[in-house]
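Number of protein chains: 2
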Amino acid sequence: MSKFGDRIRELRKAKGYSLRQLAPLVGVGFSYLSKVENDKLDFEGTASESLIHRLADVLDADEEELLLLAHHVPKRIADRILEQPEVFRALATLNSDQFQRVAEQVAKYTLRSETRTPK
Amino acid sequence: MSKFGDRIRELRKAKGYSLRQLAPLVGVGFSYLSKVENDKLDFEGTASESLIHRLADVLDADEEELLLLAHHVPKRIADRILEQPEVFRALATLNSDQFQRVAEQVAKYTLRSETRTPK
DNA sequence: CGATTGTAGCAGCTTGCAGGCAACATATGG
DNA sequence: CCATATGTTGCCTGCAAGCTGCTACAATCG
Chain R
1 MSKFGDRIRE
11 LRKAKGYSLR
21 QLAPLVGVGF
31 SYLSKVENDK
41 LDFEGTASES
51 LIHRLADVLD
61 ADEEELLLLA
71 HHVPKRIADR
81 ILEQPEVFRA
91 LATLNSDQFQ
101 RVAEQVAKYT
111 LRSETRTPK
Chain D
1 MSKFGDRIRE
11 LRKAKGYSLR
21 QLAPLVGVGF
31 SYLSKVENDK
41 LDFEGTASES
51 LIHRLADVLD
61 ADEEELLLLA
71 HHVPKRIADR
81 ILEQPEVFRA
91 LATLNSDQFQ
101 RVAEQVAKYT
111 LRSETRTPK
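Quick note, the sequences are listed as chains R and D, same order.
Quick note, the first sequence lines up with residues 1 to 119 if you use this note's numbering.
Quick note, the second sequence lines up with residues 1 to 119 if you use this note's numbering.
Among the hints, a few may not be true.
Some, not all, of what chain R presents toward chain D, calculated at C-beta under 8 Å [as the list claims (entries may be wrong)]:
hint	residue
1	LEU68
2	VAL73
3	ILE77
4	ARG80
5	VAL87
6	LEU91
7	ALA107
8	THR110
FYI, nobody ran anything at the bench for these hints, they're computed from the structure.
From a predicted model like this one, the values you see are computed outputs, not experimental measurements.
Where a beta carbon is used, it is the ideal one built from N, C-alpha and C, also for glycine.
Please put together the full structure from these sequences, using the hints given.
Structure representation (structure tokens):
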């Protein structure tokens, strides 16, 4: 269940790259990329944030999505947490129902701004 | 402006420990502790999460508070983010007003459960 | 004064992360 | 069948984080 690796492979194929083609574009060896895609890294863990950044760039992907799949907290979110720790600490304490309601409120605000720029 | 170091010193003094007394209790050298308190570490960065954990333990402090002061995202919060990424991504996108309103809703829920256990 | 405390510099050392390399297997097309 | 492109895997290495462990020195205080 390595969603991250699967997603990378998906994106790579969508661009028609082989491992050996993509590797130099993101500045690593092709064998390392294979391990990343199959979650077979020597150590316990995932690709570095900087590699994910380059991958997102070259593959025209959503960097935050990739970071999250690789179990990294994106900086944009981390910064907010460090600015307003109490809010996030409280948020993490809520039960599912309460959290769900907060999520709905957040969704409302988000929808509103998306509605202003329709296709 | 090293809030973290200052807080550690505060907690240590409150317990009446000297650097040389506290150091063995958390398993590091006293000179290293001094550097931690003064934010004068050889490298760019902060104390490790494991050291912060032991400090919180020995000093009877709030581990999450210390982690946040040291610019680490506590696991409990990180886990929530990885479970519900979309919510947190949206949350980080809100402007100050919107965020403020969400914060108030969260605070309400939190207050309610605190009210059930009065002093 | 002498003992304790904190500050600071510097030379290591250990571990884990990040990635390279070479050999191998597999597949595909002519 | 061969040649070439592709993906997989094991081992090996470089480097930086996060310390240790001195040493020396200044400040404080009883």
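Each hint, compared with the structure:
no. : hint   : result
1   : LEU68  : holds (5 Å)
2   : VAL73  : holds (5 Å)
3   : ILE77  : holds (5 Å)
4   : ARG80  : holds (5 Å)
5   : VAL87  : holds (5 Å)
6   : LEU91  : holds (5 Å)
7   : ALA107 : holds (7 Å)
8   : THR110 : holds (4 Å)
Violated hints are absent here; each numbered hint is respected by the structure.
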